[in-house]
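Number of protein chains: 2
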Amino acid sequence: MTDMPAEGRCRAVIDSVLPDVDGGRYPLKRIAGERVALEARCYADGHDRLRVVLCWQADGRGEVYEVEMTPEGNDVWRAAFQPRVPGRYRYSVIAWVDAFDSWMHDLERREELQDIRTALAVGAALLQTAAGRAPRGDAELLNAWRARLCDAAGDPHSDAGSLKMIALDSARADVARRHADRRFAVRRSYELVVDRRRAEFSTWYELFPRSSAAQDGKHGTFNDVERQLPRLARMGFDVLYFPPIHPIGRVNRKGSNNSLAAAPADVGSPWAIGAAEGGHKDILAALGGFEDFHALVASAARLGIEIALDLAFQCAPDHPYVAEHPQWFRRRPDGSVQYAENPPKRYQDIYPFDFETEDWRALWAELKSIVDFWIGQGIKIFRVDNPHTKALGFWQWLIGAVQRDHADVIFLAEAFTRPTVMRGLAKLGFSQSYTYFTWRNSKQELTDYFSELCTGPSREYYRPNLWPNTPDILPEPLQSGLRPVFAARLVLAATLSGNYGIYGPTYELMESAAREPGSEEYLDSEKYQLRHWSLGRPDSLRSLIARVNRVRRENPALQANQGLRFCPIDNEHLIAYLKRDVASGNVVLTVVNLDPVYVQSGWLELELESLGIDPRADYQVHDLLSDQRYLWRGPRNYVSLDPQRMPAHVLRLRHRLRSEHDFDYFL
Amino acid sequence: MTDMPAEGRCRAVIDSVLPDVDGGRYPLKRIAGERVALEARCYADGHDRLRVVLCWQADGRGEVYEVEMTPEGNDVWRAAFQPRVPGRYRYSVIAWVDAFDSWMHDLERREELQDIRTALAVGAALLQTAAGRAPRGDAELLNAWRARLCDAAGDPHSDAGSLKMIALDSARADVARRHADRRFAVRRSYELVVDRRRAEFSTWYELFPRSSAAQDGKHGTFNDVERQLPRLARMGFDVLYFPPIHPIGRVNRKGSNNSLAAAPADVGSPWAIGAAEGGHKDILAALGGFEDFHALVASAARLGIEIALDLAFQCAPDHPYVAEHPQWFRRRPDGSVQYAENPPKRYQDIYPFDFETEDWRALWAELKSIVDFWIGQGIKIFRVDNPHTKALGFWQWLIGAVQRDHADVIFLAEAFTRPTVMRGLAKLGFSQSYTYFTWRNSKQELTDYFSELCTGPSREYYRPNLWPNTPDILPEPLQSGLRPVFAARLVLAATLSGNYGIYGPTYELMESAAREPGSEEYLDSEKYQLRHWSLGRPDSLRSLIARVNRVRRENPALQANQGLRFCPIDNEHLIAYLKRDVASGNVVLTVVNLDPVYVQSGWLELELESLGIDPRADYQVHDLLSDQRYLWRGPRNYVSLDPQRMPAHVLRLRHRLRSEHDFDYFL
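If you read the protein sequences in the order shown, they are chains W and U.
Each residue of the first sequence is one higher than the last, beginning at 1 in this note's numbering.
Each residue of the second sequence is one higher than the last, beginning at 1 in this note's numbering.
If you are wondering where the hints come from, they were derived from the structure by calculation, not from laboratory data.
Accuracy of the hints is not assured; some may be wrong.
Just so you know, same-sequence chains aren't split out, so a pair can sit in one copy or run between any two.
Unchecked claim - List of simulated lysine to aspartate or glutamate pairs, DMTMM-like, C-alpha gap at most 25 Å: (1) K443 x D334; (2) K218 x E63; (3) K164 x E341; (4) K380 x D3; (5) K527 x D20; (6) K345 x D115; (7) K281 x D3; (8) K368 x E291; (9) K368 x D539; (10) K218 x D570; (11) K164 x E140; (12) K281 x D115; (13) K380 x E366.
Required output: the full structure, derived from the provided sequences and hints.
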């Protein structure tokens with residue numbers, strides 16, 4: 001007959017399994033140890049009973065686990081699992097019309113003796129087939145039970161009540177349920193990416209190793225960076241990210257401030273990767289050798305800091321790939337390689353790879369080998385430069401293939417582009433993503449954007465990593481050089497998101513000079529020249545940064561993005577939001593004065609009920625920045641922030657205050 | 001390499017195509033002639049230009065049509081198509097990075113002569129390959145253009161402007177674009193069901209032919225029904241639906257008021273289908289023969305009325321199937337067939353089919369042959385009895401298979417069950433669905449429910465058919481017997497939805513007696529006995545029904561459910577809503593007084609701007625029920641409804657009033 005299905009007896013329907021990403025086209029993302037709570041809508045025809053199970057397995061390798069889903073009414077079924085190990089998982093919802101459960105349910109409602117006798121005979125038949133599916137022990141139990149049912153049903157003296165009692169034996173029923181007839185089960189399967197904790201909670205510091213020399217004018221080395229590690233650890237950073245550390249091209253090298261003509265002493269842009277002495281798997285000699293690098297990675301690890309490298313998949317004209325694999329680059333009609341350009345802009349020191357090359361398989365394989373190479377050197381975090389200018393399918397493959405062997409590798413997408421593409425990169429696999437935070441300044445902008453990120457559909461796959469500045473972006477408000485702006489932007493980044501980072505030395509020192517008016521480029525940017533930073537300067541932000549990072553470490557609410565909620569506050573310059581960690585009960589309320597000059601104050605409103613706070617009792621709020629404590633009562637409380645002193649409160653809410661009843665000798 | 005895709009050079013990504021039903025798992029539904037407007041989110045890496053087309057085809061048979069999608073910014077692309085013929089369609093969004101468009105875009109921004117010369121050589125190569133893909137005429141044009149580009153690029157005297165002018169030739173470019181290089185195109189495909197108009201706009205009348213005899217106590221016939229057709233046509237009905245017309249089982253036949261013991265003269269329930277003389281492909285002899293039936297169908301057609309039959313896939317114990325296909329029924333241990341029951345309820349006169357039978361293929365085929373049989377008798381509309389008690393996969397297959405050969409067949413799902421299952425049946429293919437309207441009475445209930453139906457995701461596939469009563473349901477408010485309740489529920493059903501129906505004779509006569517208190521069953525229900533209806537009674541609702549149906553026919557806004565919008569009105573007893581047909585500009589405002597006893601009045605608020613009405617000018621509202629006209633001005637106007645006179649206004653809005661300027665001799 002026209003297009004009948006292979007099996008027409010599958011009566012269960014799985015309508016949806018939520019949350020999902022685009023109906024299951026892309027994997028959900030979670031953190032190891034986090035509960036994956038799922039809600040399936042399943043149903044079947046008629047009054048028969050459905051059974052629904054959730055099963056999961058670490059990608060094609062591990063054991064298959066299974067848990068029964070619980071009906072919550074209205075065809076909603078719920079279950080959760082808690083993958084403890086990072087990796088790619090596959091989970092499925094499996095549903096079927098269950099003959100045994102239907103029989104039990106039916107029998108419960110029967111009252112007439114003859115009906116019950118008949119039902120017992122039906123049940124005996126079901127138990128017989130269940131025993132046939134069961135291993136020996138269970139099979140014996142089921143057969144014995146079956147025999148009892150038959151005997152009882154055949155006994156002319158048995159009454160309805162006693163027959164039902166024999167049949168409605170929940171312990172034995174549990175055994176029968178273990179061996180259900182699943183021939184007509186339906187299944188829907190989904191993918192899940194489980195990352196390690198640092199994918200959700202990480203504190204980044206970016207520096208150019210070449211600017212880390214103790215002495216001005218000298219090229220910094222890995223050894224110089226190593227000496228800075230204790231300071232960075234004290235400031236509470238756990239990821240130290242370097243721009244590319246490879247040999248830098250000499251052909252068409254850019255000079256300081258991105259000038260076209262480089263002087264002989266100019267060091268060039270680290271993103272112009274590759275020169276005669278090597279490419280993506282080599283280290284710029286001036287920084288040190290592999291031994292130095294390994295020593296640095298090891299020292300950092302001892303301090304709880306991971307080194308993150310930059311993956312910039314592009315070549316300087318003198319990168320060895322250009323000669324070895326000419327087919328990986330697009331040529332112009334005159335045979336020359338096409339450099340990067342977006343007319344009228346030109347980047348003559350950069351050759352992009354041609355992802356439409358016929359030799360794409362070899363290109364992909366080589367690029368993956370770069371990642372594998374640095375994993376081999378102890379690197380597990382990669383910040384990917386401009387991923388949106390390389391083929392998107394390549395990233396999907398690369399990240400999947402790398403994480404299959406190294407589930408603990410984290411990829412941060414450095415893409416500042418259109419929202420669909422930003423979200424697309426995250427769907428395709430990036431573990432963390434840069435955001436528009438860098439340009440979101442007003443209360444309304446911040447509220448809209450973070451409501452979308454933390455409560456919209458993208459929360460299932462997009463992990464924001466907030467940067468108040470980067471070597472490419474000195475945002476206009478920071479160009480004011482005002483300390484309250486730097487402080488406020490730091491607190492916002494550090495409390496709005498589990499992941500944040502700063503382009504460190506310039507941020508500590510509140511560097512504010514742009515190359516030219518209207519530009520977001522730093523003047524004398526480290527991208528093109530050596531710099532020297534007096535990080536010991538007394539007016540630096542160092543101690544505030546350290547304080548903020550300690551607050552993050554001590555408050556689980558700030559270590560993830562779930563449950564961010566903005567609170568009404570009747571002043572347009574003040575923004576307030578709550579974060580809450582359900583497991584620990586930790587609740588942090590952040591209030592930031594966005595006005596860098598004037599004191600701003602207002603009445604803040606909290607939904608006390610949802611916080612479990614008695615609206616008639618006092619509760620304490622503890623400012624973790626100033627260490628001051630305030631007694632609040634009721635949903636509306638007064639807040640005032642002087643930006644010259646500190647533009648933010650980071651308040652820990654303590655629900656219950658001690659009273660005389662808690663005093664040791666009260667009773 | 002690990003799991004590389006077959007083709008890695010497909011750089012375009014199709015993120016979503018909206019609207020959709022569950023990400024494309026189920027088809028979208030539209031009406032023949034309706035625009036299918038689609039919005040795709042597509043993007044690719046980098047700055048290259050994307051091209052996106054929408055193509056569609058009548059299921060595997062027709063020509064493939066294609067239209068270019070237009071970029072609307074932010075990676076959104078839009079296009080629409082308008083399938084004119086009912087059927088199942090397949091449409092696809094196809095996207096690729098277009099080398100030719102990228103080249104044109106790039107060239108537009110170039111200014112330096114040498115760059116432009118190089119670009120022309122690049123373009124010439126692209127035109128050569130395009131010519132290779134083109135048929136002769138186009139190929140010649142493209143080759144000639146290519147030659148011109150080469151000549152101009154090689155001419156040492158040509159300047160930047162003239163070179164660009166030769167290259168940026170939009171007419172020739174259009175030819176090149178017709179032969180784009182689509183080797184690396186990506187595609188996402190979806191299904192669409194296009195139904196004929198009546199799936200969206202239909203007015204149903206249900207009657208039991210056996211109760212249509214002119215004389216009380218006589219068994220009605222098709223000839224009797226035929227005599228009623230002109231009256232039904234005058235009342236504006238276009239679908240006349242009969243409960244099953246087949247032989248009725250004699251074994252375990254039910255008596256009047258569903259009593260277990262039938263008297264010898266009892267006619268039984270028409271849903272207990274099948275007896276010695278035949279089953280689902282036969283006609284109950286007392287109703288007439290096939291000739292009478294054909295005559296009835298033909299007479300109805302001449303009056304614009306279609307006959308809809310009931311598909312009740314179940315059998316009386318003496319249905320010939322029971323003996324011929326014993327394997328289609330579930331047996332009890334004693335060998336007897338399991339009748340329908342939902343303990344403690346029993347339906348001994350009904351044997352359900354066992355959709356888990358090993359012989360399911362033959363069962364499905366036979367059930368489809370029933371539908372095909374009645375299609376052969378001129379029937380194109382089927383009201384399906386309790387589809388949620390038969391395997392859901394069966395319906396998906398049946399409806400698809402029937403509509404593949406007969407795209408104009410409409411299936412109405414008579415399911416009153418949980419929301420997920422109601423929606424599920426519509427997703428799986430039912431053209432129209434019963435609703436909870438029957439039990440939605442208050443302003444809040446109606447507003448919530450119809451907002452969900454008309455603006456929620458289900459609007460893409462769920463077509464409500466509203467019934468204020470059915471032979472199974474005499475809702476509690478109608479049991480009051482109050483004329484304003486019957487009138488209000490009629491107006492609500494007829495104006496809230498394009499599809500509605502009444503269980504006719506009882507509604508015309510405002511039958512209100514329930515079998516017992518708290519029951520929704522009619523006393524002396526036609527389901528179990530003959531009735532005789534005095535349809536000429538002067539107090540019937542006949543003329544109101546006729547008026548309401550004429551208003552529906554004359555106002556396109558009431559013929560579909562798009563754009564239903566509730567309007568604020570400051571009285572809890574008054575409900576008001578607007579419907580608007582964009583093509584004709586027809587706007588109808590319905591106001592209903594839900595209080596059957598007292599006059600209720602209030603201030604109604606309209607969003608004039610969205611209606612294109614000048615807030616400072618008068619506009620006319622014309623009550624199509626009373627034929628009164630009112631002059632309104634501004635967004636707030638006063639409404640008062642006396643239920644004893646008429647509990648509803650159905651107001652047609654006329655934007656512009658004639659003024660002296662319109663008078664023939666003014667100029």
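Do the hints match the structure? See the list:
In this homomeric assembly, K443 and D334 never come within 25 Å of each other (Cα to Cα): the closest approach is 54 Å inside a single copy and 75 Å across copies. Proximity of K218 and E63 under a CA criterion of 25 Å is satisfied in neither setting, with 56 Å inside one chain copy and 72 Å between copies. Within a single copy, K164 and E341 get their C-alpha atoms only as close as 81 Å, which misses the 25 Å cut-off; across copies the closest is 19 Å, which meets it. With identical chains, the CA atoms of K380 and D3 are at most 25 Å apart between copies only, with a shortest distance of 22 Å across copies and 50 Å within one.
Proximity of K527 to D20 under the C-alpha cut-off of 25 Å is found in neither arrangement, the shortest distances being 41 Å within a copy and 47 Å between copies. For a Cα distance limit of 25 Å, the shortest separation of K345 from D115 across copies, 13 Å, qualifies, whereas the shortest one inside one copy, 85 Å, does not. Taking CA atoms no more than 25 Å apart as the test, K281 paired with D3 passes between copies only; the shortest distance there is 24 Å, against 55 Å inside one copy. Within a single copy, K368 and E291 get their C-alpha atoms as close as 23 Å, which meets the 25 Å cut-off; across copies the closest is 77 Å, which misses it.
Within a single copy, K368 and D539 get their C-alpha atoms no closer than 44 Å, and across copies no closer than 84 Å, so neither meets the 25 Å cut-off. In this assembly of identical chains, the alpha carbons of K218 and D570 never lie at most 25 Å apart, being 52 Å within a copy and 78 Å across copies at closest. Taking identical chains as interchangeable, the C-alpha atoms of K164 and E140 lie at most 25 Å apart only when both belong to the same chain, with a minimum of 21 Å there against 88 Å between chains. Taking the shortest alpha-carbon separations for K281 and D115, neither the intra-copy value of 78 Å nor the inter-copy value of 34 Å comes in at or below 25 Å.
For the identical chains of this complex, K380 and E366 are intra-copy neighbours only, at 18 Å inside a copy versus 63 Å across copies, given an alpha-carbon limit of 25 Å.
In terms of the numbered hints stated before, the structure departs from hints 1, 2, 5, 9, 10, 12, listed from lowest to highest.
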